[in-house]
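Trainee: Numbering follows UniProt numbering, with no gaps: position 122 of the sequence shown is 122.
Treat the hints with care, as some may be off.
As a list, the in silico DSS-like pairs of lysine-lysine whose alpha-carbon atoms are at most 27 angstroms apart [unchecked claim]:
id, residue 1, residue 2
1, K63, K2
2, K57, K129
3, K57, K2
4, K129, K153
5, K129, K36
6, K153, K93
7, K57, K4
8, K4, K93
9, K63, K93
Keep in mind the hints are simulated off the structure, nothing from the lab.
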Amino acid sequence: MKNKWYQQAPVWLIILLPLSAVIAGISTVFIAHNNKVDLVAEDHFKTGKAIHADMSKLEQAVKLGISLDLTLDGTSGLISFNGGQYQPGQVLKLSFYHATLAENDFNLMLSADASGVYRFDLDQAIDGKWATRIEPFDGSWRVQEDIEFPTGKVTLDGNQ
C-alpha cells in the first residue's frame, strides 16, 4: 500500500522552504517598521528655517561671551557659568539629543541655587555620544556641543 502525499518527506521539504521564506519576510517587515531610524526630516523647509534660527542663537552666545562648565558624574550633574554677559539666576533649559534614537532625547529645566550653580539629577546614567544644548528659558542665546559620555567636566562656550 502506498503512502499518502502528506506522509512523503520530499513534499514537506517543498512546502516548508518557501513557507519559511514568507515567514522571514513578514518578520523583517515588522522589525523594520517597529525600529525606524529618525534621521530623515519630513519637512525640509521648516528644518532649514530652524537651522537658521539656531545659528543666530549660537552667534548671540559668541557676542555675549557665554561660557559654561557642565559636570556630569553618573546621574548627578551641575552647570556653572565661567563668564560672559548673562542674567544671574535665569532659568536654563538643558537638552540631551541622542545621536540616532530620538525616543531617548530629553530636556531639563534648571534653576540656580544660592551660589549660582545649576544642579540636576538624571533618572539613569547616560552613555555614548549625545548632542548637548544649553539655553536660557527665553531662548535668547544657545551653546551646544557633541559630548561622548561618560565624562567628567566639559566647558561649553559660544565658540563651538
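Trainee: Against each hint, give a clear statement of whether it holds in the structure.
Mentor: These are the hints, each one checked on the structure:
For the proposed pair K63 and K2, the alpha carbon gap of about 92 angstroms is over 27 angstroms, so the pair is violated. In summary, the hint linking K57 to K129 is supported, as the alpha carbons are separated by about 23 angstroms, within the 27 angstroms threshold. Between K57 and K2 the alpha-carbon distance is near 83 angstroms, which puts this suggested pair outside the 27 angstroms criterion. Straight-line distance between C-alpha atoms of K129 and K153 comes to about 15 angstroms, which keeps the hinted pair within the 27 angstroms bound.
Between the alpha carbons of K129 and K36 the distance comes to roughly 19 angstroms, so the proposed pair stays at or under 27 angstroms and holds. Using a Cα cut-off of 27 angstroms, the hinted pair K153 and K93 holds, with the two alpha carbons roughly 18 angstroms apart. Proximity of K57 to K4 is assessed by CA-CA distance (about 78 angstroms); at most 27 angstroms being required, the pair is judged violated. With a C-alpha separation of about 73 angstroms, the suggested pair K4 and K93 falls outside the 27 angstroms cut-off, and the hint is violated.
Our distance criterion of 27 angstroms between C-alpha atoms is met by K63 and K93, whose separation comes to about 20 angstroms.
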